[in-house]
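*Asks:* Generate the whole structure from the sequences, applying the supplied hints.
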Amino acid sequence: MIDLKDLRERPDHYRTGAANKNSHVDIDALLKIDAELRQAQTQRETITAEKNRIGKEIGVLAGRLKKADGDEKTKLQAEMQALQARPNELKTDEAKLSQIIAELEPQRDDLWLQIPQPADSDVPVGKSADDNIAGKHWHPEWFDPAQSFEKNKGFAPLSHIDLCAKNNWVDFERGVKIAGSRSYVLVGDGMRLHQAILRYAFDYMTLDNGFTPLSASCLVRHNTLVGTGFFPHGREQVYDIANPTTAASADSGEGLALTGTGEVGLMAYHMDEILNADELPKTYTTVSTCFRREAGSAGKDTAGLYRIHQFDKVEQVVICEADEKVSRDWHTKMIRFVETMLQRLELPYRQLQCCTGDLGPKNADMIDLECWMPSRAAEPGDPSGYGETHSASRLYDYQTRRLNLRYRDPSDPKNKKTRFCHSLNNTVAASPRLLIPIIELYQNADGSITVPTVLRPYLAGAERLGG
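Anchor point for the sequence shown: position 159 equals 1382 in the numbering used here, and the numbering is continuous, going up by one each time.
Treat the hints with caution; some may be incorrect.
Derived lysine-lysine pairs resembling BS3-like cross-links, with alpha carbons at most 27 Å apart [as the list claims (entries may be wrong)]:
1) Lys1296 <-> Lys1279
2) Lys1359 <-> Lys1400
3) Lys1548 <-> Lys1640
4) Lys1389 <-> Lys1374
5) Lys1389 <-> Lys1400
6) Lys1637 <-> Lys1228
7) Lys1376 <-> Lys1359
8) Lys1298 <-> Lys1279
9) Lys1359 <-> Lys1548
10) Lys1548 <-> Lys1228
11) Lys1639 <-> Lys1548
12) Lys1228 <-> Lys1639
13) Lys1640 <-> Lys1228
14) Lys1296 <-> Lys1274
15) Lys1319 <-> Lys1255
16) Lys1279 <-> Lys1314
17) Lys1556 <-> Lys1359
18) Lys1319 <-> Lys1279
19) Lys1274 <-> Lys1319
20) Lys1298 <-> Lys1314
21) Lys1274 <-> Lys1298
22) Lys1359 <-> Lys1374
23) Lys1255 <-> Lys1228
24) Lys1376 <-> Lys1389
It is worth saying that the hints were derived from the structure and are not from the lab.
*Replies:* Here it is, written out as structure tokens:
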């Protein structure tokens, strides 16, 4: 949620920001409704103040009446009757204003929630993911994506689909039987490798980088999805629970849905709280099952493990002070954490600077990391051979305003002033998608795969699987 005061002061900034994100929101309508609402609220506050003033005057007159007699008493009684009649007149006006406010507030809030956060000025302007800009590339000595697989490893490769079928690591047919399209069952060493990735990533963030582990609920209230920016934008990607406890609870924002990322639970953990400045930053990580409908992606990556409805993900979230430099520094650190992990896994990857049209409504900036997946590439170095495995987002106070997550401003000697925190998030490891580059890059000519060194302790020391 954007700062409404800032919108009033800099409407063109938000008009440009929305246009750069291809967002067709009506900022002028929001400003008009906001002005009408504030005027009605001011008028109601004026009536309240007048009622309070009249109440005090009645009290004073009552005291004088006790001591008055004769003509003075008659005069005071007339004044008292006039004062006592006035609140009834004000009550009618107050009721009308309350009705206006009750009608305008939800209209304002609906429009307010739709206004996207403008991208930072150093984010390239673009219409879609096609305008994203590739940056840093990295690969281990033993595999260079700019050369053919055969030149790298000396034999023709199989796709992860073929390797999983050969070794009985994934059963797509029975997965579809159980849960429909884009479903699967991990089998045997396929499941063990999947769990090894998650356990390694979780240990890496908690033990190596000191993040606090939390469990994150996969089942959350609607208000947490609004708070984290997944409603109203992105609602089409969410699996909503069709039987909330009552219709009233659904309407009040307490309907239930399945999360598409552990970010929701981690951020909502401190919803409606005021933290002390010395508690920041909060650094959390979780491993959770995630659900996405993949609406609008019909016919795209329908085969294999790339685009599926259910997966597991280790997520990292940072809640820090409201300082742009601090947020930018954390963004860099969170990307570096993942780069280090990918380098330890020896997976070729590239950084991708997302353009304004690919940021989504809530992000001020977003950097994707994409791993090389040989089966996606038509030829050596083909950019389509890189597939997104990580997405690092910088959100400033967009989520925390929605979540009402604040901290006490240390510059206030009375310790009463608060500020909204900043938030950031980034994938650590999402599997089984991350199985794709591991299985395809580490495959051997006999159909087995060599286990990445850092994963071997999680697989009882196994150096090879399958074959």
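*Asks:* Each hint should be assessed against the structure and marked as holding or not.
*Replies:* Each hint tested on the structure:
Annotation: proposed proximity of Lys1296 to Lys1279 holds, straight-line Cα distance about 19 Å (limit 27 Å). Restraint check: the Cα-Cα separation between Lys1359 and Lys1400 comes to about 42 Å, which exceeds 27 Å; the hinted pair is violated. The hinted pair formed by Lys1548 and Lys1640 meets the criterion: a straight-line CA distance of about 21 Å does not exceed 27 Å. With a C-alpha separation of about 23 Å, the suggested pairing of Lys1389 with Lys1374 holds against the 27 Å cut-off.
Simply put, Lys1389 and Lys1400 have alpha-carbon atoms about 20 Å apart, close enough for the 27 Å limit, and the pair holds. Distance check on the hinted pair: Lys1637 and Lys1228 sit about 24 Å apart at the alpha-carbon level, within 27 Å; holds. A hinted pair counts as satisfied when its Cα atoms are at most 27 Å apart, and Lys1376 with Lys1359 qualifies at roughly 24 Å. Of the pairs offered as hints, the one joining Lys1298 and Lys1279 holds, with about 18 Å between alpha carbons and a cut-off of 27 Å not exceeded.
Note on Lys1359 and Lys1548: the hinted pairing holds, with a Cα-Cα distance of about 22 Å set against a maximum of 27 Å. Restraint check for Lys1548 and Lys1228: satisfied, since their Cα atoms lie roughly 22 Å apart, inside the 27 Å limit. Note on Lys1639 and Lys1548: the hinted pairing holds, with a Cα-Cα distance of about 24 Å set against a maximum of 27 Å. For the hint pairing Lys1228 with Lys1639, the CA-to-CA distance comes to about 20 Å; that is within 27 Å, so the pair holds.
Between Lys1640 and Lys1228 the alpha-carbon distance is near 17 Å, which keeps this suggested pair within the 27 Å criterion. For the hint linking Lys1296 to Lys1274, the alpha-carbon distance of about 24 Å falls within 27 Å, and the restraint holds. Proposed proximity of Lys1319 and Lys1255 is supported: the alpha carbons are some 19 Å apart, at most 27 Å. For the proposed pair Lys1279 and Lys1314, the alpha carbon gap of about 17 Å is at most 27 Å, so the pair holds.
Our distance criterion of 27 Å between C-alpha atoms is met by Lys1556 and Lys1359, whose separation comes to about 15 Å. Distance restraint check for Lys1319 and Lys1279: the Cα-Cα separation of roughly 25 Å lies within the 27 Å cut-off, and the hinted pair is therefore satisfied. Taking the CA atoms of Lys1274 and Lys1319, the gap is about 16 Å. The hint holds against a cut of 27 Å. For the given pair, Lys1298 sits about 26 Å from Lys1314 by alpha-carbon distance, which is consistent with the 27 Å threshold.
A C-alpha spacing of about 22 Å is found between Lys1274 and Lys1298, which places the hinted pair at or below 27 Å, so the restraint holds. A distance of roughly 23 Å separates the Cα atoms of Lys1359 and Lys1374; the hinted pair therefore holds under the 27 Å criterion. Between Lys1255 and Lys1228 the CA atoms are separated by roughly 14 Å; this keeps the pair inside 27 Å, and the hint holds. A hinted pair counts as satisfied when its Cα atoms are at most 27 Å apart, and Lys1376 with Lys1389 qualifies at roughly 19 Å.
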